[in-house]
Every structure is written in structure tokens, then in C-alpha cells.
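Novice: Residues per chain are reported as follows:
There are 2 protein chains.
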Amino acid sequence: MDNSSLKPQQPLPTNRPKIVILRWGHRVARDVRLTTHVALTARALCASGFILADTTDSHIEETVTKITKAWGGDFHFEMGTSWKHAVRDWKNQGGIIVHLTAYGENIQTSDVIPRIRATGKDVMLLVGSQKVPGEFYSEEVSDFNVAVGNQPHSECSALAIFLDRYFEGKELGQPFEKAKITIVPKERGKEVKTSGESEAPRKKSFIPP
Amino acid sequence: MDNSSLKPQQPLPTNRPKIVILRWGHRVARDVRLTTHVALTARALCASGFILADTTDSHIEETVTKITKAWGGDFHFEMGTSWKHAVRDWKNQGGIIVHLTAYGENIQTSDVIPRIRATGKDVMLLVGSQKVPGEFYSEEVSDFNVAVGNQPHSECSALAIFLDRYFEGKELGQPFEKAKITIVPKERGKEVKTSGESEAPRKKSFIPP
Chain A
1 MDNSSLKPQQ
11 PLPTNRPKIV
21 ILRWGHRVAR
31 DVRLTTHVAL
41 TARALCASGF
51 ILADTTDSHI
61 EETVTKITKA
71 WGGDFHFEMG
81 TSWKHAVRDW
91 KNQGGIIVHL
101 TAYGENIQTS
111 DVIPRIRATG
121 KDVMLLVGSQ
131 KVPGEFYSEE
141 VSDFNVAVGN
151 QPHSECSALA
161 IFLDRYFEGK
171 ELGQPFEKAK
181 ITIVPKERGK
191 EVKTSGESEA
201 PRKKSFIPP
Chain B
1001 MDNSSLKPQQ
1011 PLPTNRPKIV
1021 ILRWGHRVAR
1031 DVRLTTHVAL
1041 TARALCASGF
1051 ILADTTDSHI
1061 EETVTKITKA
1071 WGGDFHFEMG
1081 TSWKHAVRDW
1091 KNQGGIIVHL
1101 TAYGENIQTS
1111 DVIPRIRATG
1121 KDVMLLVGSQ
1131 KVPGEFYSEE
1141 VSDFNVAVGN
1151 QPHSECSALA
1161 IFLDRYFEGK
1171 ELGQPFEKAK
1181 ITIVPKERGK
1191 EVKTSGESEA
1201 PRKKSFIPP
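Residue numbers (my numbering), protein chains in the order written: chain A, 1 to 209; chain B, 1001 to 1209.
Read the hints as simulated data drawn from the structure, not as lab findings.
Predicted model only: the values in this text are computed from it and were never measured.
Fair warning: there could be bad hints in the mix.
In silico lysine-lysine, DSSO-like type, Cα no more than 30 Å apart, as pairs [what the hints assert, rightly or not]:
hint, chain 1, residue 1, chain 2, residue 2
1, A, Lys170, B, Lys1018
2, A, Lys193, B, Lys1131
3, B, Lys1131, A, Lys66
4, B, Lys1190, B, Lys1170
5, A, Lys170, A, Lys190
Please put together the full structure from these sequences, using the hints given.
Specialist: Below you can see the structure in the form of C-alpha cells.
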């Protein structure tokens, strides 16, 4: 690409608050692809980790682990943890809970993102798949209820826009450490750099189509 | 919610360029939920329409039509159109083609969004599901290849962030005309207004969980 069009990179501070996604209500088989997209969005947009609550799904774990190994970065993945325990432990460690819901404060028309940022605290993001328990909206669970618009659409899109706004866009320009595969962005065609290590995965399925 | 935290609404101009999504490579059954999320994201974030190319899927049509009827706005849905014809017709009518791909110019580190906006032209957004034909990257098809970050994640997330940046966030604060259901955003709980028409749908499945 034409380098003159490149904007200066703004690195995310390494001591930034952590964001971890808690995926609630995942249904094995039915939700496997959507939940995988949610987890990969979290990783690609510089969240620190992903918890698949109250159930396990080895397909998702396998995909996320392989992508992280090939494309770099540190991304924590866990599954089977009870959502109640995860929320309680997060709060006990001083973190806050943000619930993504179409009913919450509008991310565009309210000042909810600056208020979340101003806490300076680590954020656990609750991302539901099916109808969530009513207590998610209560002070016992959530510190903020955030709506990425008040129209029905997709938890995957909502998560992406939340992270993009929280990190002010910088997350999309970050290099990923220890990457074995890196894309060289360009106007046309595909260019990929591999780290040259002999164990660099060349399996096509882990390179975007 | 506390009204003091509301920011002034910035309406999108009604004479803005149109954005229409062309979904390529949809596989019936396997992709039904993801493609539905892509279509609903397009609608919720003020795209003008959605074309399911080269195939049909009545589940998706039904969901999108019902959501639009209940939640308002004008959103064009069509399916079965050949992608080649759709692209050719779009270009013949003076529109440009933008291909969303992890290999393209990075939306954060390049000036690709301002360059697209500067054309002032209607945009057809190519959103693939599986590996796309190589010609998507060529000048014969795409005017721009845009990467929402250069990491693998989700076409649903990529579309959401593209629209959010193209419309500078204003799309998430827009009212939808002729809505029978409207959410009243709030800090806690759920509040929904219905238009009071007797035909207002009350089916739970069309209210977000």
C-alpha cells in the first residue's frame, strides 16, 4: 500500500485495564459459530480473555487456542466456570461488570463509555446468547448496562463496537507479540508474513479465507 | 436514565450515500444464524439494504422482514441475485464496491475510510462467508479492500465497525421511522414503548432477550 496514507500508530498502554468477556447462555452446537466469532472478536480487538460460562465446548476452545498460537498475543480462554462465581471473584478483585444489552444506556447518545473508562477498573463484559437472567440488570450483578444502539442486532457486533470505542480505535492497529503469521495490509491481493519458525502452522484453515 | 448525561443527537443526513451489503458465499443451514446477524447489523446500523447473493434462505428473509416491520425504518432485502449482476448493476448506476477483508487496507492505520467517504458515492459492501473468489480483490470488482484490523475475527464484527466509522457513530442514535416497538434506554431494567396500533406485534421472539 501507499505508505503516505499511513497514520501514526498509537500503542495501547500495557498497563491498561483488562477486559474479559463472559459469554452467558451458550448452547452447544446451536451457538458454536456465533460464540466462536464472539471469542475471536474479543481476541482481535485486544480484550484479555474469554470465559464460556456454565458449559464447555471443545470446538471453541480448539479454534481460539490455535488462532492465538498462530496469530500471537496473550489471550486467556476458560470454560465451564459458573457465571456467579466468575462475577463474584471479579468483583472481589476490584473489577466492574458491564452488561451489553439493547435495553441499556446508549453508547452513542449517553456518556456511558467515558464513565466506564473513568473508573480505571478492569471490566468483565457480560455477553448473553439467549434471554439473560433478570438479575443481570440489577446492582447485585452489573455496574453498567450498555446498549450498542437500541435496535436488535447481534452480540458479536455489539461487542466489536464496544471494544472499538472503549479503546478509541487503537486496538485495530496493534501488533500481536509472538505471532507466527502476520498480514501485511494492502490495497489489493493478499500478503502474509510467517515467522519462519519450522513449527509455523501453514494449515489453510487458520488463515482467513 | 439521567437525562443530564445525554449527548445532543446528530441526525444522519437523509441524502447520505446509500450502503448496501452483498453477502457472498452463504451456506444454507450452516450460516443461517451468522448471516441473520450480519443482516440485522446492517439494518440496525443504518445501511439501506442487504442482498443474499446466489442463493435463497427463507428463514433469513422472514426474520429480517419481521424485525423491520416491528422496529421500523426502510430496509431493502433481496436474495438469489447473482453477485456478478449485482456488482455490475451497482457500478453502472455510479456506485462503488468496497470489499471487507482481513488482507485489505487497515481501517485504523490508513486513511481508507475518509477516501471512501470523499467519493460521495453509494457503497456496495462485499461481505464473504467462506473463501471469496480472487477477483474480489481486483479492480474489475472492488474499488477498495478494507480490513477491520488484520487479525482473523468475524465478518459480523467487521461490518459493524465499518458502519460505525463510516457514519461516525451517528447511526446508533437514529430514530427509526414507523417503529411499532421502541426501546427507552435506561441504566437498569427494560422499558419498551409500543405504538399502540392493534397490529403491533407482541411476539416475544422479536423483542431482544
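Novice: It remains to establish, for every hint, whether it holds in the given structure.
Specialist: Status of the hints after comparison with the structure:
no.: 1; hint: A:Lys170 / B:Lys1018; verdict: holds, 27 Å
no.: 2; hint: A:Lys193 / B:Lys1131; verdict: holds, 19 Å
no.: 3; hint: B:Lys1131 / A:Lys66; verdict: holds, 19 Å
no.: 4; hint: B:Lys1190 / B:Lys1170; verdict: holds, 23 Å
no.: 5; hint: A:Lys170 / A:Lys190; verdict: holds, 23 Å
In this structure, every one of the numbered hints holds.
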